[in-house]
Amino acid sequence: MIYFDNAATTYPKPESVIAAVNNAMKMGVNVGRGSYNLAAASGDTVFSAREEAARQFGAEPENIVFTKNCTEALNLAIKGIVLKEKRKPIHIITTDLEHNSVLRPIEKLKMQGLCEYSVIKTGESNEQTINSFFSSLRRNTRLIVMTNASNAFGTVLPVAKVGKLAKERGIYFIVDCAQTAGNLPITIEKYNADILCMPGHKGLFGPMGTGMMILRKGLLLETILEGGTGSYSSLLTPPEISPDRYEAGTINLPGIAGLREGLKFSYKNREAAYLKEMELIRFLYKEISLLPSEIYTPFPENYRQMPLLSFNIKGKDSSFVGEMLAEENVAVRTGFHCAYLSHKHFGTAGIGTIRISLSRNNTKKEAEEFIYRLKKVLNKI
Amino acid sequence: MVMRHLIFGSATSAQKAKKVLERGGMTVSIVKTPEKYSRHSCSYSIRTTDSDFALMLLKKAGITVKGKY
Numbered sequence: 001m002i003y004f005d006n007a008a009t010t011y012p013k014p015e016s017v018i019a020a021v022n023n024a025m026k027m028g029v030n031v032g033r034g035s036y037n038l039a040a041a042s043g044d045t046v047f048s049a050r051e052e053a054a055r056q057f058g059a060e061p062e063n064i065v066f067t068k069n070c071t072e073a074l075n076l077a078i079k080g081i082v083l084k085e086k087r088k089p090i091h092i093i094t095t096d097l098e099h100n101s102v103l104r105p106i107e108k109l110k111m112q113g114l115c116e117y118s119v120i121k122t123g124e125s126n127e128q129t130i131n132s133f134f135s136s137l138r139r140n141t142r143l144i145v146m147t148n149a150s151n152a153f154g155t156v157l158p159v160a161k162v163g164k165l166a167k168e169r170g171i172y173f174i175v176d177c178a179q180t181a182g183n184l185p186i187t188i189e190k191y192n193a194d195i196l197c198m199p200g201h202k203g204l205f206g207p208m209g210t211g212m213m214i215l216r217k218g219l220l221l222e223t224i225l226e227g228g229t230g231s232y233s234s235l236l237t238p239p240e241i242s243p244d245r246y247e248a249g250t251i252n253l254p255g256i257a258g259l260r261e262g263l264k265f266s267y268k269n270r271e272a273a274y275l276k277e278m279e280l281i282r283f284l285y286k287e288i289s290l291l292p293s294e295i296y297t298p299f300p301e302n303y304r305q306m307p308l309l310s311f312n313i314k315g316k317d318s319s320f321v322g323e324m325l326a327e328e329n330v331a332v333r334t335g336f337h338c339a340y341l342s343h344k345h346f347g348t349a350g351i352g353t354i355r356i357s358l359s360r361n362n363t364k365k366e367a368e369e370f371i372y373r374l375k376k377v378l379n380k381i
Numbered sequence: 382m383v384m385r386h387l388i389f390g391s392a393t394s395a396q397k398a399k400k401v402l403e404r405g406g407m408t409v410s411i412v413k414t415p416e417k418y419s420r421h422s423c424s425y426s427i428r429t430t431d432s433d434f435a436l437m438l439l440k441k442a443g444i445t446v447k448g449k450y
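If you read the protein sequences in the order shown, they are chains U and P.
Just so we're aligned, residue 1 is where the first sequence starts under the numbering used here, counting upward by one.
Just so we're aligned, residue 382 is where the second sequence starts under the numbering used here, counting upward by one.
The set of hints was computed from the structure by calculation and includes no laboratory data.
All residues carry an ideal CB built from backbone N, CA and C; glycine is no exception.
Don't take every hint at face value.
List of simulated lysine-lysine pairs, DSS-like, C-alpha gap at most 27 Å [as the list claims (entries may be wrong)]:
1. U:Lys217 to U:Lys190
2. P:Lys447 to U:Lys217
3. P:Lys440 to U:Lys217
To spell it out: a stretch of chain U is covered by chain P in this simulated footprint if at least three of its residues, at any positions, have a beta carbon under 8 Å from a beta carbon of chain P; those stretches are [unchecked claim]:
4. 33 to 40
5. 47 to 59
6. 221 to 231
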């Protein structure tokens, strides 16, 4: 199989990740509840995962909050900020390239009368995008939430500059790093962020069912899930310490054990891997553009684009082509990729797209073979 | 040698302190704090034979201890 759906989840996972999950299933017990040997060992595993994430993303270990995915992290972050603000409704700014994991929580908060929001149109240049943010600012703007890169089209947005704009005005800044964590160098400081949200199972090569919300030091959010934390048990309110405050209930020890290994794996030769993937996506771009196709983004440039490409075969439904490719044992994603607004931006709202997304597992040989199979499909339809 | 215990609010804060002390060359372990010493119930402590040295290392690392017993 040619697996080109790494923006959904990376596949296959490294052996070290699988081994860590297996080991945690055999030996793991609940964390932060007892102090016997097995509990201590499980606690060490989780803490060392926090340390590894803290090291890579420039945070303190206690500000690494494990979640079940990036969607949960974004919900915790967005709602945690909005609910803590005393004067409501607050104004939120976001972009037209966002995933539903950003747009839906914000829309829900709007329906509850807790916020109003503006969706800025991202420009062809970073300058245009930043100007759009400036012109959307209002007196009650208290939060900016934006994606680091579009999951449907791969466009990388100027998050660090927008973060600086937010910081200068005392506006909270949340970055959705779903498509960039594990591929680009990201830290809280570099992005001028208050919160980074990311899945564990995409660029970080961890198991599905893992994600992280990473907080800047000193930030306290309102909670949206309350329960047992293994600490401060006599209090009926959530403890005011991270990560306990945000990790009520039993955490996913096997997932976190796997994520620790995934973090280590993805960090090795990260930049070289990204640059190799970009070479492959440029090869695919050139080859696909020689076919009767439509590609919606400019020729991929390093750091302006992720190794991800959305295209269509002229006159053919994206899902139909995707099905034909599946018969050729090629894995791609088709449709709207849970990011309908981004399709409106690029003019594909009526038709969706075929999305190719690469990882360091992919090779030039696979890319060549993909083109061969795509041509085979085109000859059939 | 007298065994002393340094109290922390949560398992994670105790873990962080343990790492600091281990990097400083100490051998310590984490235990559940007896409830009579735990202000809000369910806290964790680090057991050590040299609490003065441990406190010095933790102070240097900016880690606050909630109490000791």
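Here's how the hints hold up against the structure:
Between Lys217 (chain U) and Lys190 (chain U), the direct Cα distance comes to roughly 14 Å. Compliance with the 27 Å bound is thereby established for this hinted pair. For the given pair, Lys447 (chain P) sits about 20 Å from Lys217 (chain U) by alpha-carbon distance, which is consistent with the 27 Å threshold. This hinted pair checks out: Lys440 (chain P) and Lys217 (chain U) have alpha carbons roughly 18 Å apart, not beyond 27 Å. Residues of the region 33 to 40 of chain U with a Cβ under 8 Å from some Cβ of chain P number 3, which satisfies the need for three, so the listed coverage holds.
Residues of the region 47 to 59 of chain U with a Cβ under 8 Å from some Cβ of chain P number 3, which satisfies the need for three, so the listed coverage holds. Counting residues of the region 221 to 231 of chain U whose CB falls under 8 Å from any CB of chain P gives 3; the rule of at least 3 is met.
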